[in-house]
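Engineer: Protein chains in written order, with numbering that gives the first Met the number 0: chain A, 0 to 173; chain B, 0 to 287; chain C, 0 to 443.
Keep in mind the hints are simulated off the structure, nothing from the lab. Heads up, a few of these hints could be off.
Said to hold, decoys possible - Facing chain B, from chain C, some residues (calculated, C-beta under 7 Å):
| id | residue |
| --- | --- |
| 1 | Leu28 |
| 2 | Val30 |
| 3 | Arg34 |
| 4 | Glu38 |
| 5 | Leu101 |
| 6 | Ile102 |
| 7 | Gln105 |
| 8 | Glu166 |
| 9 | Gly372 |
| 10 | Arg376 |
| 11 | Ser411 |
| 12 | Phe415 |
| 13 | Leu419 |
| 14 | Gly421 |
| 15 | Phe422 |
| 16 | Asn423 |
Said to hold, decoys possible - Over the 12 Å line for every Cβ pair with chain C, so calculated as not near, a few chain A residues:
| id | residue |
| --- | --- |
| 17 | Gly53 |
| 18 | Thr55 |
| 19 | Asn65 |
| 20 | Lys80 |
| 21 | Arg84 |
| 22 | Ala89 |
| 23 | Ala91 |
| 24 | Ala92 |
| 25 | Trp93 |
| 26 | Ala99 |
| 27 | Gln138 |
| 28 | Asn140 |
| 29 | Arg141 |
| 30 | Ile145 |
| 31 | Val154 |
| 32 | Leu155 |
Unchecked claim - Okay, derived cross-link-like pairs now, DSSO-like style, lysine-lysine, Cα gap no bigger than 30 Å in a straight line:
| id | chain 1 | residue 1 | chain 2 | residue 2 |
| --- | --- | --- | --- | --- |
| 33 | C | Lys63 | C | Lys413 |
| 34 | C | Lys380 | C | Lys286 |
| 35 | B | Lys263 | C | Lys413 |
| 36 | C | Lys160 | C | Lys413 |
| 37 | C | Lys380 | C | Lys413 |
| 38 | C | Lys121 | C | Lys95 |
| 39 | A | Lys76 | C | Lys95 |
| 40 | C | Lys121 | C | Lys63 |
If you're wondering where the values come from, they're calculated on a predicted model, not measured in any experiment. Glycine included, every Cβ here is placed at the ideal spot set by N, Cα and C.
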Amino acid sequence: MRSKIFTFIAAVFFLTACGTSGEDSGAGTGSGAAATSQSTGSTSTATTSTAIPGPTPGSQEHLVVNVGDRVFFDFDKSDLKADGRSTAEALAAWMNNYPAVTLTIEGHADERGTREYNLALGERRANAVYDYMLALGVQSNRLRTISYGKERPAVLGSNEQAWAQNRRGVFVVN
Amino acid sequence: MGSGALYSSILHAVVLAILVFGLPSFVTPQNATIVPVEFITLDDLIEKPVEKQPEPEPEPKAEEKAPIPEPPKQQAKLEPAPPEPEPEPEPEPVKPEPVPETPKAKPEPIPEPEKVVAAPPPKPKRKPADKKPEAKKKPPPKKKKDQLASILRDVLKRKNQPRAAPQDQAAKEPEKAPAKPRVSAFAQNQMSQAIQQQLRACWRLDPGAREAEDLVVEIQVSLNPDGSVRQATVIDTVRMVQDAYFRSAAENAKRAIDVCSPFKLPIKKYDVWRELTLRFNPREMFGT
Amino acid sequence: MQKSIFRLIAFTLVLGVAAVPFDPARAELVVDITRGFVEPLPVAVTDFDGAAPGDIRFGQDISKVIADDLERSGLFRPIEQGAFIQDPATLRIAPKFGDWRLINAQALVSGATELQADGRLKVEFRLWDVFAETQITGLAYFTTPANWRRVAHIIADAIYKRLTGEEGYFDTRIVYIAESGPQNRRVKRLSIMDQDGENHRFLTDGSVLVLTPRFSPTTQEITYLSYVGDTPRVFLFNLNTGQQEVLGNFPGMTFAPRFSPNGNSVIMSLARQGNSEIYDMDLRTRKVIRLTNHPAIDTSPSYSPDGGEIVFNSDRGGTQQIYVMAGNGDNVRRITFSAGRYATPVWSPRGDLIAFTRIYQGEFYIGVMRPDGSGERMLAKGFLVEGPTWAPNGRVLSFYRQEPANAAGIVSSKLFTIDLTGFNEREIVTPIDGSDPAWSPLIP
Chain A
0 MRSKIFTFIA AVFFLTACGT SGEDSGAGTG SGAAATSQST GSTSTATTST AIPGPTPGSQ
60 EHLVVNVGDR VFFDFDKSDL KADGRSTAEA LAAWMNNYPA VTLTIEGHAD ERGTREYNLA
120 LGERRANAVY DYMLALGVQS NRLRTISYGK ERPAVLGSNE QAWAQNRRGV FVVN
Chain B
0 MGSGALYSSI LHAVVLAILV FGLPSFVTPQ NATIVPVEFI TLDDLIEKPV EKQPEPEPEP
60 KAEEKAPIPE PPKQQAKLEP APPEPEPEPE PEPVKPEPVP ETPKAKPEPI PEPEKVVAAP
120 PPKPKRKPAD KKPEAKKKPP PKKKKDQLAS ILRDVLKRKN QPRAAPQDQA AKEPEKAPAK
180 PRVSAFAQNQ MSQAIQQQLR ACWRLDPGAR EAEDLVVEIQ VSLNPDGSVR QATVIDTVRM
240 VQDAYFRSAA ENAKRAIDVC SPFKLPIKKY DVWRELTLRF NPREMFGT
Chain C
0 MQKSIFRLIA FTLVLGVAAV PFDPARAELV VDITRGFVEP LPVAVTDFDG AAPGDIRFGQ
60 DISKVIADDL ERSGLFRPIE QGAFIQDPAT LRIAPKFGDW RLINAQALVS GATELQADGR
120 LKVEFRLWDV FAETQITGLA YFTTPANWRR VAHIIADAIY KRLTGEEGYF DTRIVYIAES
180 GPQNRRVKRL SIMDQDGENH RFLTDGSVLV LTPRFSPTTQ EITYLSYVGD TPRVFLFNLN
240 TGQQEVLGNF PGMTFAPRFS PNGNSVIMSL ARQGNSEIYD MDLRTRKVIR LTNHPAIDTS
300 PSYSPDGGEI VFNSDRGGTQ QIYVMAGNGD NVRRITFSAG RYATPVWSPR GDLIAFTRIY
360 QGEFYIGVMR PDGSGERMLA KGFLVEGPTW APNGRVLSFY RQEPANAAGI VSSKLFTIDL
420 TGFNEREIVT PIDGSDPAWS PLIP
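Generate the whole structure from the sequences, applying the supplied hints.
Structural biologist: Right under this line is the structure:
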């Protein structure tokens, strides 16, 4: 759970070439990389500058920078789209490079569904990634899944851009 | 750079929010064992049952200790004797009147035994817009309960019927009956409409009761020459006793008669309205 | 039979107004009353009388709670006490019904309180029919003074029952999820309160995500979803002991729990490898039975009151719809066919209706329909309304309403109740935001 906050902070500070989020045009907090670093600079300048050498290989930060930590889904869908599949493929390759790493795949939904159905949908999304990773040769004991339904949106806001970024699978290094 | 400022402020807010409430609870317990709850004040949570006696009528029971349904709990103090209610001894029969639950059976046998509910609706819906002057033959009784109940609200429907009854129709109908052929039918018709119209403003019903649309209540009413109610008796005495919903609907109907009393009816036609059977049938209002 | 046909013809002849001299000996006019109105019944709830000042204070407090309960139901309109003509002291001897008719009271509640020598509080009440001029019910209760509020609810239930024919629902509680913080870091706590919002308690500290609590119909237990240990699973919470326990050891996420009507089992979903199925677990034997077998999502199960059928949510037809199956999982059939998606079906304890959430054209609705899917009506609507729960008498629903996020990304979520007729929507005021309400049975 603690690693989640790193995910978030990492996303905020290093989100430059995330590649996975094609719809970065929106008003969501998670996507505005330029605005982000400049606005938070005053409070944590040190972090920003010291982080430049690059994150520890095999770490969550490393994953975020080199692979991206999430894939997105269409409304009420759980099949991986083309860009999601390439992210997953990069993830599988990355995991091959760091054989000690184990991963939790989180499944999330937007707020436009009912709670229980969204828990099931999130589980389905997490497993869509999981299944694809297995197909790519990742061992099942290195992966676990969890669904948060609509409980943990990445982006605040009740609008299409926010919802699109909240329908997601997230990879968290354990 | 307006959007940048927006991002910036949103992000600040988020970061601030995280700083303020976020971080501490990121550190969630990792063990799957029992979670400590904040506080369990059993004394507050589990109150003593106050046993309810069904009806006041039974003779006062001695204070026997009602068995407490609660599972054992560890606290002993603040656990006073389980309060058990006793049926009210029912001391003063303030009125010499009989209990309403058992209405006096009328001396004469109940005139109409057959169930009204099964009969086809007495009249088709008369919308004000309907111009055709009452077709001779009615369409087959559309018994099928379907879709929207009109005194029930549906937020998806444009116009929901207002809660109060519409005050339309009734008034404008007398002339429709041909005046000459049957004077007595005409008079009856007139009186019926007068009574209907007056009761419309007195009959309060509860459309949310179970099977409310099937709760048809027939009441036999004797009126005094001044229009006041001499006697009003629910015909189905058995159902009055057995069916709480029916009893409630019947009492509502009786109240309607009481509230409307005295009825304003022409004394010249007293022969027509002296004895009435009022049949309270809400079905039409449900749009079925 | 003959007679009824004759009457039918007669109706036709006289323009649908029944006027039939079917008994020549007594010409009697039969009048069909088909129009009335729907308004709360005016009722006078007087302050309960007492001898000592303390008794009088209890009497006033109790009277207030009763009047508030009745008023909130939407079926009664307590008359302003300032309008009362007769005073409590003479009322105790006998009501002057004329005085009460004058202010249009149709029912009258009187009562008395008395602190007993043994420290208990005696509360008695009488319900009078003002027009029939008779007492229609009357009861006395003995309780600890601290319990006065419950006694008031119990009396309100007795009045409600006598006047409507239905069991009351005032002596009940609502368990729900109290919420605070921004949406992505929402702190959620299992919480409980009286049906009127009083006696509020947090049951968990918010360190762990908890969702969808449901009350046992028979015991002081709640089943709910908890993320303890970062693993979403169905738990039982015992209100008597405060103990929480995982329900079963399933190889996946369990969620969407709900008790069976007899309280002996919990029906829930198990999600595993991307597939959710519905299981029933017997709480005594812990035996688990799988009830659905379909690669689609099957969730949000709810038993019919007799336990013979289960209504649930599935997307096996392509989108979220509502299905009914037999208690053993046989005979699955879809019951929703209108436009939009349907979710969270809950069978009424009365058996006559199923409440649900419907998502249609970008809006959410709380609706009801008959168990065969007919007679659908939408009661409430909003950006996000969800999760209906029935009061134990099957008359009133509670649900939650979430507003869209504001500019700062903050959402608000509140609890509401609504009558099944679609009228009388009320907010249940809670200390902080709330969601996922679940009504308790009448407190035993």
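Engineer: Against the structure, test the hints numbered earlier, and report the numbers of the ones violated in rising order.
Structural biologist: 5, 6, 8, 9, 11, 12, 16, 30, 31, 32, 34, 35, 39
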